[in-house]
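Engineer: Sequence:
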Amino acid sequence: MNSDIAQHFRPSELNFVQQCQDWINQSLAEYRLIVTPFLNPRERFILESLVNREQALTLSENGIFETAEMQRVAVCPDYIDTSQLTMQDFDLVLLAVKYPSKFIELHHRTLLGSLMHNGIERDRVGDIVTDDQGIWQVATTSVVAEFIQTHIERLGKAPVQFNVITPSQAISPNIQWETLDVLVSSARLDTVIAGSYSLSRSIAKDLVENGLVRLNWAPQNHPDIEVASGDLISVRGYGRLHILADNGLTRKSKHKLSISKLVK
1 MNSDIAQHFR PSELNFVQQC QDWINQSLAE YRLIVTPFLN PRERFILESL
51 VNREQALTLS ENGIFETAEM QRVAVCPDYI DTSQLTMQDF DLVLLAVKYP
101 SKFIELHHRT LLGSLMHNGI ERDRVGDIVT DDQGIWQVAT TSVVAEFIQT
151 HIERLGKAPV QFNVITPSQA ISPNIQWETL DVLVSSARLD TVIAGSYSLS
201 RSIAKDLVEN GLVRLNWAPQ NHPDIEVASG DLISVRGYGR LHILADNGLT
251 RKSKHKLSIS KLVK
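The opening position of the sequence shown corresponds to residue 1 in full-length UniProt numbering, with each subsequent residue numbered one higher.
No lab work stands behind these hints, which were simulated from the structure alone.
Nothing here was measured: the structure is a model prediction, and the numbers come from that model.
All clues given are correct.
Each computed PhoX-like pair below joins lysine-lysine, with the alpha-carbon atoms no more than 25 Å apart:
hint : residue 1 : residue 2
1    : K205      : K252
2    : K98       : K157
3    : K205      : K256
Distance windows between CB atoms, simulated:
hint : residue 1 : residue 2 : range
4    : V143      : A187      : 36 to 42 Å
5    : D246      : D78       : 28 to 34 Å
6    : G211      : S185      : 20 to 26 Å
7    : R251      : Q161      : 56 to 62 Å
8    : N118      : G211      : 24 to 30 Å
9    : E30       : G119      : 27 to 33 Å
10   : K252      : R122      : 38 to 44 Å
11   : D22       : Q55       : 15 to 21 Å
12   : F16       : H117      : 23 to 29 Å
13   : S185      : D78       : 39 to 45 Å
14   : S202      : R251      : 26 to 32 Å
15   : P159      : G119      : 18 to 24 Å
16   : A187      : E105      : 34 to 40 Å
17   : Q161      : D123      : 22 to 28 Å
The C-beta atom is built at its ideal place from N, Cα and C for all residues, glycine as well.
Build out the structure end to end from the sequences listed, making use of the hints.
Structural biologist: Here's what the structure looks like:
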């Protein structure tokens, strides 16, 4: 890998950076559209930054739901009009979850846990969404949808069915994000958490070290790791943060971060 590229990313991200480069090289060599698995916001930021280095390529994202966190990305030669890409081009399928909602209450972790327990990797499933009124939907691909319908018949003791519905029937997630700028002394994970939730840095550090924080869906117990644009931070008991941009330093050498914070 080109050292000029590698220096812009975390060591832990370099395998994914190489995967992105492989998708780019494949699209260039075969002169065709390449569709990725479902990627989180940070992964999409990395891929976009690499695609932007290639004049002959462009990209498009789709996750069925409006403002979906997990989306598939199409890496395209520039002859393709990305505005004309369809759900079929992304191989996206929407499943509605049918279960005895009068007798049991579903949770995101229950659904996701059941899928992964049956051998489905996280990047093969997109967002799992509810309207908070008992309706649940899952974004995935045609192959995985068929597997889910065939092999998953129960969630715990409750019977369940997964029915294919049209993307136009996608519900709007009942969540709200607040966009704001925060000033922090550094881009350390604990410092950003402290600044975003008005906590002391010692409390934020304890949250990280005690395993209550996830960075891009992965457990993270190193408070000194630096966050970057596209990162999604989950803090148990507080909510989620999406780092939209690092807008540089102020005159007092503080980082000015644009973030989106989950308020519901």
